[in-house]
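Student: With chain A held as given, fit chain B onto it using these hints.
2 protein chains.
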Amino acid sequence: MTASAKAVVLVSGGLDSATSLAIANSRGFECHGLSFDYGQRSVAEVAAARRICESLGVAEHLVLKLDLGQIGGSALTDTSIPVPEAPTTGIPVTYVPARNTVFLSLALGWAEVLGASHIFIGVNAVDYSGYPDCRPEFIKAFEAMANLATKAGVEGQVLAIEAPLIDLTKAEIIRRGLELGVDYGLSVSCYNADAEGRACGVCDSCRIRREGFAAAGTDDPTRYS
Amino acid sequence: MTASAKAVVLVSGGLDSATSLAIANSRGFECHGLSFDYGQRSVAEVAAARRICESLGVAEHLVLKLDLGQIGGSALTDTSIPVPEAPTTGIPVTYVPARNTVFLSLALGWAEVLGASHIFIGVNAVDYSGYPDCRPEFIKAFEAMANLATKAGVEGQVLAIEAPLIDLTKAEIIRRGLELGVDYGLSVSCYNADAEGRACGVCDSCRIRREGFAAAGTDDPTRYS
Chain A
2 MTASAKAVVL
12 VSGGLDSATS
22 LAIANSRGFE
32 CHGLSFDYGQ
42 RSVAEVAAAR
52 RICESLGVAE
62 HLVLKLDLGQ
72 IGGSALTDTS
82 IPVPEAPTTG
92 IPVTYVPARN
102 TVFLSLALGW
112 AEVLGASHIF
122 IGVNAVDYSG
132 YPDCRPEFIK
142 AFEAMANLAT
152 KAGVEGQVLA
162 IEAPLIDLTK
172 AEIIRRGLEL
182 GVDYGLSVSC
192 YNADAEGRAC
202 GVCDSCRIRR
212 EGFAAAGTDD
222 PTRYS
Chain B
2 MTASAKAVVL
12 VSGGLDSATS
22 LAIANSRGFE
32 CHGLSFDYGQ
42 RSVAEVAAAR
52 RICESLGVAE
62 HLVLKLDLGQ
72 IGGSALTDTS
82 IPVPEAPTTG
92 IPVTYVPARN
102 TVFLSLALGW
112 AEVLGASHIF
122 IGVNAVDYSG
132 YPDCRPEFIK
142 AFEAMANLAT
152 KAGVEGQVLA
162 IEAPLIDLTK
172 AEIIRRGLEL
182 GVDYGLSVSC
192 YNADAEGRAC
202 GVCDSCRIRR
212 EGFAAAGTDD
222 PTRYS
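Order-wise, the sequence lines are chains A and B.
Last residue of the first sequence: 226 (our numbering), numbering continuous.
Last residue of the second sequence: 226 (our numbering), numbering continuous.
The shape of chain A in the complex, shown without the other chains:
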């Protein structure tokens, strides 16, 4: 890798993608942060994504507007579906149909324009085993498709999809991020965060996050409402 290799880094405003950005930075990439304003319940996420990109440093940060609510089907985009307050089994209602596929596709388009060789995504198969598009086999299949989809692929350049957190526990992710100087107080994981980014403390995402800080043996900097 040359010093100037570019990466598109998906930044959701949450803990995982903040860590993924810190890892991409630590590997010497010129990072281009990409976030989505996708009609989600939690507008606080985009504000958190901006704070994280500023704090960790990116070459630029692009927020794409994308109304996934028109497609429907998820508690995160359809306000008529309640976010559950207790752990659920199987694929949760907070799953947004094909979300990671859509986000990676737009990252792919931007990577092509930028000439970026890598796309970073903070998916994690350990805590989110219910989401089909968080599994390693999905990431590999997307990478194979991406290398057939683009000019760069046709011309023999390889695009890598990097999912550096995919097999880490939440506690391992937090410890890695703290080593790299991530300020998790800037991140918002809650599915029901208020406009100031304060977390509900009861949704699945809050629960996983709180247990992660406890398991990492470190203070939880989350602001609860």
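Calculated from the structure, these hints are not laboratory results.
Do not take every clue at face value.
One copy or two, either will do: identical chains are not told apart, so a pair holds if it fits within one copy or between any two.
Said to hold, decoys possible - The calculated DSS-like cross-link candidates involving lysine-lysine, where the alpha carbons are at most 27 Å apart (straight line), are:
#1 LYS152 x LYS66
#2 LYS152 x LYS7
#3 LYS141 x LYS152
Tutor: Here is chain B on its own, set in the frame of chain A:
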């Protein structure tokens, strides 16, 4: 296939996707048309897509807003890049980075919500050999990825990506569409169409279309400006 099997059909407003919709209808699918208002030069495309969906019949037609212009890199979304008026070699500047990947990804999300088993896309490898995401190997790789990305895939249901025009010439596409009753006067293929949907007659897309009608031995219903 049962009588009620659902398909998401990408409808751009052009000749190819109109034919693809007619084929999906002829195969008995309940068709759900999906179009994109993606900041493209040609706003006439969306109006044409609406006319085509009405004329051929769909269960519903969804137009998703998606500002690909923020990503840039193509003459079709970036008005600072001129559309060429003569045939070009290699990958044309009208290529929109990862466009078919993005469109298929959103179709995948909608298919998941609808419980659709098929997605139709009117790509064609003969006339658009310069576009990497119009090749059969891309479609196959997308299908493989899609079946790992979704709840349906995890639960063992197979989602098929159908590209019924992929190895047809433009003349063959036109003859097939005419057999199925497509009114090509409703479609707009031009990269520079005016607000009323009149074609420039000189861009690559106009040239390919005109040559197609000539080769099919049928009248060209295109309205030129």
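Student: Between LYS152 and LYS66, at a C-alpha cutoff of 27 Å, which is it: within one copy, between copies, both, or neither?
Tutor: Answer is both; intra-copy 25 Å and inter-copy 25 Å each pass.
Student: With 27 Å as the alpha-carbon cut-off, assign the pair LYS152 and LYS7 to within, between, both or neither.
Tutor: Classified as within; 17 Å inside a copy, 33 Å across copies.
Student: Between copies, within a copy, both or neither: which fits LYS141 and LYS152 at Cα up to 27 Å?
Tutor: For LYS141 and LYS152, the Cα distance is within 27 Å both inside one copy (19 Å) and across copies (17 Å).
When held up to the earlier numbered hints, the structure conflicts with none and fits them all.
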